[in-house]
Structures are given as C-alpha cells and as structure tokens.
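J.: My request is simple: use the sequences and hints to build the entire structure.
Taken in order, these protein sequences are the chains called C and V.
First residue of the first sequence: 173, per this note's numbering; consecutive thereafter.
First residue of the second sequence: 25, per this note's numbering; consecutive thereafter.
What the hints contain is simulated information worked out from the structure, not anything from laboratory work.
Idealized CB from N, CA, C, for every residue including glycine.
Hints may contain errors.
[Unchecked claim] As a list, the in silico SDA-like pairs of lysine to any residue whose alpha-carbon atoms are at most 20 angstroms apart:
hint, chain 1, residue 1, chain 2, residue 2
1, C, K258, V, I29
2, V, K166, V, M151
3, V, K32, C, P314
[Stated by the list, open to error] Partial chain C-side listing against chain V, Cβ under 8 angstroms, derived:
hint, residue
4, D273
5, Y287
6, R366
[What the hints assert, rightly or not] In silico negatives: residues of chain C with every beta carbon more than 10 angstroms from chain V:
hint, residue
7, P219
8, S285
9, Q308
10, I312
11, I328
12, F359
13, D379
14, R395
15, D427
16, Q464
Listed below, chain by chain, are the residues.
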Amino acid sequence: MIEVRELRREFKVATSKGLRRNYKTVTAVDDVSFDVQAGEAVGYVGPNGAGKSTTIKMLTGILVPTSGHLRVSGVDPSKQRRDLAKRIGVVFGQRSQLWWDLPLGDSFDLLRSIYRVSAADYRTRLDECVELLGLQELLITPVRQLSLGQRMRGEITAALLHAPELLVLDEPTIGLDLESKERLREFLADINTRRGTTLLLTTHDLDDIERLCPRLMVIDHGRVLADGPLAELRAEVTPERELVIDLREPGPAPDVPGVTAVRSEAGGLRHHLTFRRAETTAAQLITQVVRQVEVHDLAVVEPEIDDVIRKLYQRQVQQNTSR
Amino acid sequence: MAEFIYPKLIGAKLRSQLAYRASFAVDFVSQVLAQCYELIVILVLFSQVNALGGFTRDEVLLMYAFAGAAFGVADLFAGQLDNLPTYIRTGSFDVLLMRPLGTLPQIMCSDIRLRRIGRITSALGVMIYALTHVPIDWTPAKVLLTIATPLAGTVIYSSVWVVACSICFWIVEGREFANAVTYGSNSFTSYPINVYSRPLRWVMAFVVPGAFVAYYPSLALLGKQDPLGLPGWVGWTSPLVAALAAVVAGLVWRFAVRHYRGTGS
Chain C
173 MIEVRELRRE FKVATSKGLR RNYKTVTAVD DVSFDVQAGE AVGYVGPNGA
223 GKSTTIKMLT GILVPTSGHL RVSGVDPSKQ RRDLAKRIGV VFGQRSQLWW
273 DLPLGDSFDL LRSIYRVSAA DYRTRLDECV ELLGLQELLI TPVRQLSLGQ
323 RMRGEITAAL LHAPELLVLD EPTIGLDLES KERLREFLAD INTRRGTTLL
373 LTTHDLDDIE RLCPRLMVID HGRVLADGPL AELRAEVTPE RELVIDLREP
423 GPAPDVPGVT AVRSEAGGLR HHLTFRRAET TAAQLITQVV RQVEVHDLAV
473 VEPEIDDVIR KLYQRQVQQN TSR
Chain V
25 MAEFIYPKLI GAKLRSQLAY RASFAVDFVS QVLAQCYELI VILVLFSQVN
75 ALGGFTRDEV LLMYAFAGAA FGVADLFAGQ LDNLPTYIRT GSFDVLLMRP
125 LGTLPQIMCS DIRLRRIGRI TSALGVMIYA LTHVPIDWTP AKVLLTIATP
175 LAGTVIYSSV WVVACSICFW IVEGREFANA VTYGSNSFTS YPINVYSRPL
225 RWVMAFVVPG AFVAYYPSLA LLGKQDPLGL PGWVGWTSPL VAALAAVVAG
275 LVWRFAVRHY RGTGS
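T.: Put into structure tokens, the structure is as follows:
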C-alpha cells in the first residue's frame with residue numbers, strides 16, 4: 173500500500189542576521205524507508221518537528237520529495253496527485269475540509285460530486301458513518317456550529333465517502349475530550365478490521381496507538397528510530413517489568429531469584445519487584461512469591477508506552493554522543 | 025461530469041452567503057458607489073475639457089464601461105485569489121491539493137462575490153448609455169465585437185489576477201503587490217491609453233494586456249484611427265489576446281504551485 177525508499181526532504185530556512193539573509197538547509201526527513209501492507213494500522217509518532225507531518229505531506233502528494241522513491245496505492249504522489257486523491261482519504265486534525273458555513277450534510281454532498289461517488293454507494297457509506305458516529309442530528313447543522321469532536325467525526329466521514337483504500341490521519345484526536353477520542357478510536361478500529369481500510373496515523377496521544385495500531389513507527393530528527401509491533405518494542409527497549417504485591421501483614425519483601433530490584437512502600441505492606449522479562453516469567457515469579465509470603469493482591473505492570481518512546485529517544489541520543 | 029462540480033461549488037457558496045444577508049446588502053451598495061465614484065471623476069474631468077486624448081466624453085465612458093464590466097465579472101471569479109495568502113498561511117491550500125481537482129478552479133469557485141454584481145450593474149448601465157450616444161456604424165460584426173469585448177476583457181483581467189497573485193507563493197504577503205496590479209490595471213484601462221506616457225502605454229498594451237480590454241476594441245467600434253499608429257484590425261484581436269493571456273496565466277499558476285509543493289511554506 174505504501175512503499176517508501178530513502179525518502180528525503182530538505183528545506184531552505186532563512187536565517188536573518190541584520191539585513192543580510194543567509195539560507196541553510198534543514199533536513200526534515202532523512203532517508204526514511206518503510207513499507208505498509210494493505211490492511212495494516214500503523215502509528216507514526218515522534219516529537220514536534222521530528223518530520224511526521226512532512227512525511228505525511230509527501231505521502232499525500234502535497235509536498236514533492238527532495239529525493240527518494242515513493243509509491244502510495246501504486247501511484248507516485250508527486251506526479252499523480254489527482255489520481256492519488258481518489259484512492260486515499262486524508263484527515264488533518266488541525267485543518268478542515270468541510271464547508272464552514274454550510275450544513276454538514278451539504279459538505280458530504282459536495283464531496284460526493286467532487287469524488288464522483290454514485291448515489292447508491294454514497295447512501296450506503298454515509299448511512300454507515302452516520303450511524304456509527306452518531307451524526308444524525310448534525311447533518312443539518314452548519315459546520316461552524318459543531319463542537320471540535322463533532323466536526324472531527326464529520327471530517328472522518330468526509331474522508332471515507334469515496335471508500336479510500338488508505339486513510340491517513342494527522343493528529344485526529346488532538347484537542348478532543350476522552351469520550352470523543354474513544355468513540356473515534358472505536359470507529360477507526362472497526363473500519364480497519366471490518367472494511368480492511370489501511371490506517372496510517374500520527375499522534376501525540378499514545379492511547380491512540382495502544383488502542384488502534386499493532387505497529388508503531390517512531391521518528392525523530394527525520395529518521396526512523398524504531399519500527400515494529402508495540403509489544404516487541406516494549407520488550408526490546410524496556411526489558412524490565414514489575415510485579416506489585418500487597419501483603420496481608422506488613423513484612424519484608426520476599427527474596428526470590430530473578431528479581432533485580434525491590435522498592436517497598438506503605439511500611440512494608442506493598443512491594444514493587446522488578447524483573448527481567450528475558451530471565452523470568454511473571455508466572456514463575458508469582459509461584460515463588462506466594463510460597464514465601466501471604467499475598468493479598470498482586471499485579472503485573474507493563475512499562476507505559478510513553479516510557480518506551482522516551483527510552484527510544486534516549487538510546488538515540490546516547491548513540492549520537494558515543495559516535 | 026467533472027464540469028458540473030464547479031457550478032455546485034459556487035451554488036454552495038451562494039447558499040452560505042445567504043447566511044449573511046445584511047453584509048451582502050451593504051457590500052452591494054458600496055460596490056455601486058465605488059463604481060459611481062470613478063464615473064464622477066470622468067464627468068468632472070469632462071466638465072473642464074471637451075476631449076481627452078482626442079476622445080469625447082461618451083467615447084471615454086464607453087471604454088470605462090467595457091473595463092468596468094470586464095473587471096466586475098473577473099472579480100466575481102478571480103477575486104477569490106485575493107484570499108490566497110490566507111489559504112497558504114492556514115494550510116487550506118493543502119486541502120485543495122488533497123482533492124482530485126485542479127487548485128485554480130477550486131479557488132475560483134471557493135467563493136463568489138455576489139456584491140460585485142453591484143459594480144457590474146452600474147458598468148452595464150453606463151455601457152448602454154455610451155453605446156446609444158456615440159456614433160457607431162453598426163454592422164453584425166460590430167454587434168459581435170460589442171458582446172465579445174467584455175467577455176475577452178474578463179478573461180484578460182482574470183489572467184492578470186492569476187499571474188499577479190501567483191507571487192503569493194513566494195512572498196506570502198504579496199497581496200499588496202497583486203492588488204496594485206489588478207485594481208491598478210482596472211483604473212488604467214478605463215481611460216484611452218494614449219493619455220499615458222509611452223513606457224506606461226507599452227506595459228499596458230503588451231505586458232499587462234489591459235489595452236485590449238477596452239481601448240482597442242472601442243477604437244474598432246468607433247471606426248477611429250489609433251493615435252499611436254497601430255493598424256485598425258488590432259481592435260478585433262482581443263479574444264485572441266485573451267486566449268493567449270489565459271494560457272500564460274495557466275502556465276504561471278502551474279509553475280507557482282510546483283514551487284509551493286517544492287517548498288511548502
């Protein structure tokens with residue numbers, strides 16, 4: 173679905189010193205390569221200025237790459253922009269493709285004409301989105317009167333009316349409240365699994381990834397730092413997990429082989445046991461622990477996705493300094 | 025099928041303008057007044073002199089009316105290009121690029137300044153007055169020319185607009201420059217070009233082909249010799265000049281959009 177080889181994008185940035193203007197070249201995307209298969213859902217994350225949006229703009233044909241090979245849906249985005257537009261759907265969280273002063277339904281109708289969707293297809297697709305996203309009452313509301321969450325549901329519907337094979341979402345949940353976010357995620361997960369629409373989304377909200385994307389790509393300074401299933405990245409970057417045990421009576425932490433660190437709190441009622449996932453499993457550990465002490469409750473804590481990404485960044489910095 | 029999309033886009037904008045009826049009425053009236061203001065300037069001028077560059081008051085009014093009507097219609101469509109800096113700054117231009125349509129027609133149909141009809145109405149009024157008060161030997165060809173002139177003028181002005189606004193892809197706040205060219209060329213073309221100095225005339229006639237909007241066709245209609253010495257058939261070439269201008273404008277726009285996609289400001 174997406175084929176990216178050594179994709180590169182440079183910008184000339186003006187640096188003014190008094191009256192003199194100098195230009196320096198900034199590389200926003202630095203020889204990035206990856207593939208996305210049809211039906212995948214990929215999260216594309218990284219800090220601000222990492223090159224996410226630049227990549228998205230090249231994938232959607234808005235920006236022309238400086239160099240590299242790029243195919244989206246079998247098409248070269250920079251050369252066949254209009255062809256590509258018919259095959260993919262794009263949602264930018266920060267800009268709207270709806271008609272501000274018109275009722276939401278009118279925008280859909282205009283997009284139907286723009287993408288030349290047959291009346292029957294339009295009806296089925298719209299009805300489906302309207303039902304799943306709860307847009308019934310909003311169709312007659314002017315877009316400018318919609319809340320951000322409502323508008324975003326409208327934007328996603330707008331991007332799906334021509335049944336794109338690929339849906340690209342740039343920060344789709346930005347600024348939304350929890351309920352709206354959850355609703356969107358549920359919907360996106362649904363069209364990905366049921367309709368097989370490929371998803372590529374950039375986000376700052378790691379819950380989006382956890383909920384939606386089996387595959388995660390981390391980018392920083394224009395380079396891909398990591399690419400793989402979330403679980404694998406977690407195992408690789410944060411090899412340690414934690415077992416939290418609550419004891420019935422305060423007491424010392426059990427001494428169990430395989431535990432690398434112990435942190436106790438609540439006067440010995442709760443202990444955090446850190447262990448390496450490569451050496452021990454949680455099950456082995458629990459068996460050992462209950463043999464020694466009387467356990468009231470226990471839980472296995474996975475490192476947060478934020479930690480995973482933070483570690484990735486740190487690792488990158490270390491590599492750079494040791495070079 | 026694709027051709028039907030643009031009327032739909034315009035229709036959509038008309039409906040959204042109805043949401044602001046009061047401001048529409050105010051704009052309409054102010055446009056009529058703006059056009060009349062220029063008219064008054066001409067009338068006052070002719071209360072002092074009998075001829076301007078060898079042309080009578082009514083002959084100048086004819087040129088003024090041709091230019092006004094053409095500019096009004098061009099503004100209706102190409103005037104939206106004045107919003108180009110906003111499109112670029114807010115990233116809305118990216119949204120246009122995401123659609124399977126050309127960017128230029130999308131912008132032109134993105135809005136329609138109905139209030140411009142105020143300007144067009146008053147220009148048409150003056151045109152009718154002038155056509156009935158200047159001596160013209162009417163022939164079928166001249167009737168055709170009278171109809172073709174405002175249309176060709178519209179295309180010429182629109183092309184000037186496109187070319188001038190393309191600068192915004194390099195200098196985002198290039199709007200002042202663009203307006204100087206577009207609105208400025210309207211003011212120029214309302215008068216016989218032989219009243220201007222020679223370098224200005226050349227720019228007017230051939231770089232910004234404003235002289236083909238009103239001046240040369242009016243000469244042909246009136247059966248007058250060009251005081252600047254160009255042959256009589258030049259007055260019939262406005263549609264050709266318009267077509268050429270449109271091609272040039274299309275190329276410039278393509279080049280500009282390519283630059284935008286190459287830099288992405």
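J.: Each hint: holds or not?
T.: A quick look at each hint next to the structure:
1. C:K258 / V:I29: 15 angstroms, holds
2. V:K166 / V:M151: With Cα atoms ~15 angstroms apart, K166 of chain V and M151 of chain V stay inside 20 angstroms; holds.
3. V:K32 / C:P314: Satisfied, since the Cα-Cα distance of roughly 18 angstroms is no more than 20 angstroms.
4. D273: Constraint on D273 of chain C satisfied, holds at 3 angstroms.
5. Y287: 7 angstroms, holds
6. R366: Violated, because the Cβ-Cβ distance from R366 of chain C to chain V comes to roughly 25 angstroms (cut-off 8 angstroms).
7. P219: Holds, since 20 angstroms exceeds 10 angstroms.
8. S285: Since the minimum Cβ distance to chain V is about 5 angstroms, S285 of chain C lies within 10 angstroms and the statement is violated.
9. Q308: At about 22 angstroms from chain V, Q308 of chain C clears the 10 angstroms cut-off, so the statement holds.
10. I312: For I312 of chain C, whose nearest Cβ neighbour in chain V is about 13 angstroms away, the distance exceeds 10 angstroms, so it holds.
11. I328: 14 angstroms, holds
12. F359: Nearest chain V Cβ is 21 angstroms from F359 of chain C, so the label holds.
13. D379: Its Cβ never comes within 10 angstroms of chain V, the nearest being 26 angstroms, so this holds.
14. R395: 20 angstroms, holds
15. D427: Consistent with the label, D427 of chain C stays out of reach of chain V, its closest Cβ about 60 angstroms off (over 10 angstroms).
16. Q464: 61 angstroms, holds
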